[in-house]
Amino acid sequence: MILKRYIPIAIVAIFGSLTLSAWFIDNETIETFANDDATQFFDIIAAFAVFLGALNLLKLQFIKFIKKQKGWQYSAISILSFFFAFIIGFFIRGAYFVDDKVFFTQEAALESIIILDVSKEQQEEPYKVQENSFKNLSDAKDFAIKQNLITPVDWGAHVQKNGSLFQWMFKYIFSPLSATMFALLAFFVASASFRAFRARNFEASLLLLAGIIIMIGRVPAGGLISSWMVMYLIVLVSGLYIHYLKKKNNVTIIFTLAGFILVTIAGMITGWPIDKPSIFYLPLLQEWIYLVPNAAGSTAILMGIGLGIVVTSLRYIFGLEKSYLGE
Amino acid sequence: MFVLTLSVIFIMLYEIRLTKFTDKLPFLRSIPGLKAIEEAVGRSTEMGKPILFVPGIMDMNEVETVAGVVVLGHVANMTAKYETELDVPVARAIVMQAARQVSKEAYLTQGRPELYNEDMVHYITDDQFAYAAAVNGIMQRDEPAACLYMGKFFAESLLFAETGNSIGAIQIAGTGSQTQIPFFVTACDYTLMGEEFFAASAYLSQEADLIAGITAQDLIKVILVIVILFGTVSRALFDLGLVSFDFITLIGI
Chain Y
11 MILKRYIPIA IVAIFGSLTL SAWFIDNETI ETFANDDATQ FFDIIAAFAV
61 FLGALNLLKL QFIKFIKKQK GWQYSAISIL SFFFAFIIGF FIRGAYFVDD
111 KVFFTQEAAL ESIIILDVSK EQQEEPYKVQ ENSFKNLSDA KDFAIKQNLI
161 TPVDWGAHVQ KNGSLFQWMF KYIFSPLSAT MFALLAFFVA SASFRAFRAR
211 NFEASLLLLA GIIIMIGRVP AGGLISSWMV MYLIVLVSGL YIHYLKKKNN
261 VTIIFTLAGF ILVTIAGMIT GWPIDKPSIF YLPLLQEWIY LVPNAAGSTA
311 ILMGIGLGIV VTSLRYIFGL EKSYLGE
Chain F
3 MFVLTLSVIF IMLYEIRLTK FTDKLPFLRS IPGLKAIEEA VGRSTEMGKP
53 ILFVPGIMDM NEVETVAGVV VLGHVANMTA KYETELDVPV ARAIVMQAAR
103 QVSKEAYLTQ GRPELYNEDM VHYITDDQFA YAAAVNGIMQ RDEPAACLYM
153 GKFFAESLLF AETGNSIGAI QIAGTGSQTQ IPFFVTACDY TLMGEEFFAA
203 SAYLSQEADL IAGITAQDLI KVILVIVILF GTVSRALFDL GLVSFDFITL
253 IGI
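Keeping their order, the protein sequence lines are chains Y and F.
Quick note on my numbering: the first sequence kicks off at 11 and runs consecutively.
Quick note on my numbering: the second sequence kicks off at 3 and runs consecutively.
One thing to keep in mind: the hints can contain errors.
To be verified - Far from chain Y by the CB rule (all over 12 Å, computed), these chain F residues:
#, residue
1, L15
2, L27
3, P34
4, R45
5, E87
6, I96
7, D129
8, R143
9, S179
10, F185
11, F186
12, T188
13, L239
14, V245
15, F247
As the list claims (entries may be wrong) - To spell it out: a stretch of chain F is covered by chain Y in this simulated footprint if at least three of its residues, at any positions, have a beta carbon under 8 Å from a beta carbon of chain Y; those stretches are:
#, region
16, 48 to 57
17, 211 to 219
Claimed, not checked - In silico lysine to any residue, SDA-like type, Cα no more than 20 Å apart, as pairs:
#, chain 1, residue 1, chain 2, residue 2
18, Y, K332, F, T111
19, Y, K69, F, R102
20, F, K37, F, G233
Calculated directly from the structure, the hints in this document are not laboratory data.
By construction, the Cβ of each residue, glycine as well, lies at the ideal position given by its N, Cα and C atoms.
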């Protein structure tokens, strides 16, 4: 009980209070603890925990593969990929430099500096390394290694050095796969928008309208659409709505005509300026939607999130919330 | 900031004490997303399909992840009760350990330890898109009847939610990641937005101490709204030259 309940709660309370106090107390020790030491503690624990995660991953994938469960082929790829990354990360340097050139293996690097000269004069000692000739290939290789003509990348740096095998894997396998997943987002945004923009009710219609204004207002073509054209469109749509409500042709025609005439007269008086009245000019309207109603809504949500985080954190620090321990 | 933090602590402790003194649970409005969790578990049970729970992609140092793990405990209670299969792929090894502990305790609490399987919570990878690909694969292969996303999310949120939508699963999301809320709202059946997500534990447990914390949170919010309104009016009056002091400058904003 003490080990599983009270000690974890005490640790959370002590470390939580210390981290919180670092914001208010001007003390270098506490600040260093909160900003550096505590973060490093966490990183060290996380680094060790990764072994548990990796073992769990391997165990499940092996079980799936051996039992030929649904999708076992993917498990085989996972296992192969895991060991490939593991081996080239821990056991193979994968980068040997000859001047500016980089090779995956030492053998390939040696082959690049050993020249096989088969001319008549050189038949006795056909292998050349710089100005030196050798009878056997192995002698030539030994010489090249002893003379440090090949520089292997340092252990540790090999996972970051450009041109290394690990970097090759990262650049040509891992990154394209990640980018593919990320690119899927574009299609998902389209399909999600399609559903969200269906005018099912008043809120969805409002969202649709705001979405259209933002999209058109943000592209260069949006700036070419006169606010008068938008006004004509509003009159037309309002006319259709009135027709939908009243179902009387006369009312619809009178309303629409009156609207058109009013807009035309106003336009003739003001000289049809493209961006006036500015409330109907799409680039300005979208900016207003973005900076006023959108910012107001998101700020309210943000305040709620901030308060939620503060109160939840305090609940953990005071030991009121113990569910994360399984209680 | 120090005064503000102290005020929050004071209000929270006061509310807890008040709740204990009156011995009556404060009113907590109904949160559809949380009510729907039981519905989702029931649906999965009827269909004989698993429930997929995704606790976000961040580690236990994020409050949202901890809140997600707490919700997982409640979900595990329900799955133990209804004997429904639960699948929890995680992106961090520490989260895996915490989620296992919480789930195990839930199954023990329900008196069904034999149903608990350690591998129901399993690690995938730390990488964002590799994790997203793996979870999407699980969704496509196992076709869970319910997908719950509770934690901190980034760009992968829509990848999960749209895939879940395509397999016809009932989807409930909860996050404090402000930028991801619109995606979840669009693609999921229910979304716990920000503070609702942090109130989930109190709502599901119905514990007086936790609900008192939510009441305190609401009280602070009311105070903040009053301060904002008062600040706006005083600033307007100050700009018009009707009053000589500016409240906003006075409180140092």
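- What hints, given by number in increasing order, does this structure fail? Violated hints (numbers, rising): 1, 6, 7, 8, 9, 10, 11, 12, 16, 20; every other hint is consistent with the structure.
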